[in-house]
Amino acid sequence: MDFDLMITSFPKLLGATVVTLKLLSASLFFGLFLGLFFAILRLNKNIFINRFAYGYSYVFRGTPLLVQIFIIYFGLGQIEYFRSTFLWVIFKEPYWCAIIAFTLNTGAYTSEILRSAFQTIKPGIIEAGKSLGISNKIIFYKIQIPIAIRQSLPAYGNEIILMMKGTSLASTVTLMDLTGVAKYIISTTFKPIEVFIVAGGIYLFMTFVIHNLIKYLEKKYSFQQ
Amino acid sequence: MEFLAFGKTGWGDELFYATLMTIAVSITAMLVGFFFALIFTPLKLSKYKTLNLVGNFYTTVIRGVPELLVIYLFFFGGSGAIMYVASIFGYYEYIEINAFITGSMAIGIISGAYSTEVFRGAIQSIDKGQFEAAKVLGINKFGQFYKIILPQMLRLAIPNLSNVWQITLKDTSLISVTGLVEIMRQSYIAAGSTRDPLFFYSFAAVLYLMLTYVSMKLINKLEVRYSRGY
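Protein sequences appear in the order of chains A and B. Using numbering that gives the first Met the number 0, the final residue of the first sequence is 224, and nothing's skipped along the way. Using numbering that gives the first Met the number 0, the final residue of the second sequence is 229, and nothing's skipped along the way.
I should point out that these hints are in silico values taken from the structure, not numbers from a laboratory. Heads up, the beta-carbon is just placed ideally off N, CA and C, and yes, glycines get one too. Any given hint might turn out to be false.
Anything over 12 Å on all C-beta distances counts as not near chain B; from chain A, calculated [stated by the list, open to error]: (1) L65; (2) Y72; (3) I133; (4) I146; (5) T188; (6) E217.
Covered by chain B, per the in silico footprint, the following chain A stretches (three or more residues, Cβ under 8 Å) [stated by the list, open to error]: (7) 175-187; (8) 195-203.
Examples of chain B residues toward chain A, derived with CB under 7 Å [unchecked claim]: (9) P41; (10) V64; (11) L72; (12) G178; (13) P196; (14) Y200; (15) A203; (16) A204; (17) L208.
Using the sequences plus the hints, can you model the full thing?
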């Protein structure tokens, strides 16, 4: 055990954690809206809109995240026309490519979580709203969405942890996140176990915090109150 | 389409073998995972606190740490660990472990953590009366588990194990960082040599989709088979 290495690499890894957290929060933020959007499309009666939303979630859940990042980062740059559009400013940066890939990925999982939450809402609740003369729009925004969010909290907590682990793939497109820096230190010092303990410890700590945060929210917004 | 031609002109046969490699690694990893689950599930369900702690440590650490980090640990640390063990027995030459073994061990340990959780959940959701009835009938411990608990547990575990299989299958794409030529690595090589990453990575995505689709269909059949009588 090389304790000196563990102590000296800790600040470096902690600095890289900031990149991981930035990637995570940005992709979760955008992914939540995307997920909500596609969950609403899934509930649409129109078969084409419905199928489109299902196809999106099927493709992104059925392929590895690594493929998705590679298609966006290496693949899209190949199209000549695409490089002349203003979008290229975003897509040439590995940072934004990673966020876009993560957003699309977490959006697919989130849409499934929210869809099943919407479907478990008892029809009686919606009928009660209707009989009180509340408009459909208000019922959706003020009744269905809050209930669905509460219902999906435990599953969404898991998704946050999965996504946190997913951000480690950003290191494959040259970003120096926690895993990227850990790999760099391992490959220069050849001390994999020490670095794994420190980097893994940081990841475990984040998992622990997320887990407890979700538990707290679940309790706070439970129906019993 | 000429990219996918078989033989020397295209990448068809290379990608075909790469797909077989992905399937082989996934199955090996899944079996390694079952082996780990076989050890750690009893630990998690044990009466003894220390054994529980060991079981929980395994599943918490593996499920809380990114797969890529675990793979790097095995990739950079694997041969070192083996050489250390070999040096105890007086063997000091350099030992290089095959990428297939490193990869399937790393993914297997990850998959094992998920399988352990699935088996634990399935065993816990079996009615207590079943255990008691088996004991009352004087069936020995071995028979209790293999003839009574296991068949009931499998039915409950299969839907969740199919999720574990999907996760394992997708995780194998990460082994490409160690240089094992599976779908992802082969696409990377082909994309580099033809300068057409969009085509090859999209094709890799299609291959993975096909694998997940076919395996889902097969697992559904298995599910129906094990749910006979319910």
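To see whether the hints hold, each was checked on the structure:
1. Once the 12 Å rule is applied to beta carbons, L65(A) is inconsistent with being away from chain B; the minimum gap is 5 Å.
2. The claim that Y72(A) is not at the interface with chain B is violated, since a C-beta of that chain comes within 12 Å of its own (minimum 9 Å).
3. Against the 12 Å criterion, I133(A) stays outside the reach of chain B, whose nearest CB is about 38 Å from its own CB.
4. Distance check on I146(A): its Cβ is at least 26 Å (rounded) from any Cβ of chain B, clearing the 12 Å threshold; non-interface status holds.
5. Here T188(A) does not stay apart from chain B, with its beta-carbon only about 10 Å from theirs, under the 12 Å limit.
6. At the 12 Å boundary, the C-beta of E217(A) stays outside the reach of chain B, the nearest C-beta of that chain being 19 Å off.
7. Against chain B, the stretch 175-187 of chain A contributes 5 residues with a C-beta closer than 8 Å to a partner C-beta. That satisfies the three-residue criterion, and the hint holds.
8. Coverage of a stretch by a chain is defined here by at least three residues with a beta carbon nearer than 8 Å to that chain's beta carbons; for the stretch 195-203 of chain A and chain B the count is 5, and the condition holds.
9. The beta carbon of P41(B) comes no nearer than 24 Å to any beta carbon in chain A, farther than 7 Å, and the hint placing it at the interface is violated.
10. A distance limit of 7 Å between C-beta atoms decides the matter here; for V64(B) the minimum to chain A is near 4 Å, and the interface restraint holds.
11. Checking L72(B) against chain A: minimum C-beta separation of about 4 Å stays under 7 Å; hint holds.
12. At about 14 Å, the closest approach between the beta carbon of G178(B) and any beta carbon in chain A exceeds 7 Å, and the interface hint on this residue is violated.
13. The beta carbon of P196(B) comes within 4 Å of a beta carbon in chain A, closer than 7 Å, and the hint placing it at the interface holds.
14. For Y200(B), the shortest C-beta to C-beta distance to chain A is roughly 4 Å, which falls under 7 Å, so the interface hint holds.
15. Residue-level restraint check for A203(B) holds (minimum Cβ-Cβ distance to chain A is 5 Å; threshold 7 Å).
16. The restraint placing A204(B) at the interface with chain A holds, with a minimum CB-CB distance near 4 Å, inside the 7 Å limit.
17. Nearest Cβ of chain A to the Cβ of L208(B): about 5 Å, under the 7 Å cut. The hint holds.
In summary, the structure is inconsistent with hints 1, 2, 5, 9 and 12 from the numbered list given earlier, while agreeing with the others.
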